[in-house]
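Model the full assembly from the supplied sequences, consistent with the hints where possible.
The sequence shown stops at residue 245 when you use this note's numbering, and every number in between is there.
It should be emphasised that the hints constitute simulated quantities derived from the structure, not laboratory data. Note that beta-carbon positions come from the ideal geometry of N, C-alpha and C, so glycine has one too. Do not take every clue at face value.
[Unchecked claim] Each computed EDC-like pair below joins lysine to aspartate or glutamate, with the alpha-carbon atoms no more than 20 Å apart:
id, residue 1, residue 2
1, 238, 228
2, 238, 219
3, 99, 129
4, 242, 226
5, 89, 116
6, 89, 219
7, 89, 129
8, 89, 226
9, 99, 115
10, 89, 159
11, 239, 224
[Unchecked claim] Simulated DEER-style distance windows between Cβ atoms:
id, residue 1, residue 2, range
12, 212, 237, 33 to 41 Å
13, 135, 109, 17 to 25 Å
14, 163, 139, 18 to 26 Å
15, 237, 214, 45 to 53 Å
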Amino acid sequence: MAKAKPFKRTSAPSIAGKGPADEIARAKLVALVAARVPRTTGDDEQTVRNRISASVYEAVKTGQLSAVRRGVFRLGDVGVWASTRWPEVQFSDLPMSPNSGGASLVLSGYRGTAAGYTHAATLQAASEEVLVLRAENRALLQALAAAEGRVRELEPDAGKWRNSIEKKRGKRRG
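This is the structure in structure tokens:
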């Protein structure tokens, strides 16, 4: 595993009242997970934290965990990553981002597709998810409006280009 910078002693943060969209600094993330991961004989707190820090580093490097910005992660993403990385440990009280996924399969002319989604476990998590989805929806609507504006802007040029192409094709045939 990759070598990560050792961490100073940081207390595990309280996650009471936190949701999947809340952010957590890397040092707090390491402390939070270290408090839950079982130790082997001879492991002290610093050894466990260094091991978890290396796991975070590796997860970021491989794309299993993504940072919102340098050294800051979404608590929901941390919950999903930690429960996947250490399935034997209980991370059920951590807020988790909803999982969604899909798959498709093609077998000699037959095609099958599937999609899945896990719902939020609590009403508060569901409310937070709704707020996140509304923000994403607003951003998508703004992007759509900008794209439609660009289409309207380029439409006259596209029409001229199509006419030019048609004229060239007509000269070649005639």
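Here is what the structure says about each hint:
1. Between residue 238 and residue 228, the direct Cα distance comes to roughly 15 Å. Compliance with the 20 Å bound is thereby established for this hinted pair.
2. Annotation: proposed proximity of residue 238 to residue 219 is violated, straight-line Cα distance about 28 Å (limit 20 Å).
3. The hinted pair formed by residue 99 and residue 129 meets the criterion: a straight-line CA distance of about 17 Å does not exceed 20 Å.
4. Distance hint between residue 242 and residue 226 is unfulfilled; the C-alpha atoms sit about 25 Å from each other, more than 20 Å.
5. Only pairs whose Cα atoms come within 20 Å are accepted, and residue 89 paired with residue 116 is rejected, the gap being roughly 25 Å.
6. Distance check on the hinted pair: residue 89 and residue 219 sit about 38 Å apart at the alpha-carbon level, beyond 20 Å; violated.
7. Straight-line distance between C-alpha atoms of residue 89 and residue 129 comes to about 25 Å, which puts the hinted pair past the 20 Å bound.
8. A distance of roughly 48 Å separates the Cα atoms of residue 89 and residue 226; the hinted pair therefore is violated under the 20 Å criterion.
9. The suggested pairing of residue 99 with residue 115 holds, with an alpha-carbon distance near 18 Å, which does not exceed 20 Å.
10. Between residue 89 and residue 159 the CA atoms are separated by roughly 23 Å; this puts the pair beyond 20 Å, and the hint is violated.
11. The hinted pair formed by residue 239 and residue 224 fails the criterion: a straight-line CA distance of about 25 Å is larger than 20 Å.
12. Between residue 212 and residue 237 the C-beta distance comes to about 36 Å, which sits within the given range of 33 to 41 Å.
13. In this structure the hint that residue 135 and residue 109 lie 17 to 25 Å apart at CB holds, the actual value being about 21 Å.
14. Between residue 163 and residue 139 the CB atoms are about 23 Å apart, so this pair conforms to the stated range of 18 to 26 Å.
15. For residue 237 paired with residue 214, a C-beta distance near 32 Å fails the hint of 45 to 53 Å.
The earlier numbered hints that this structure contradicts are 2, 4, 5, 6, 7, 8, 10, 11, 15.
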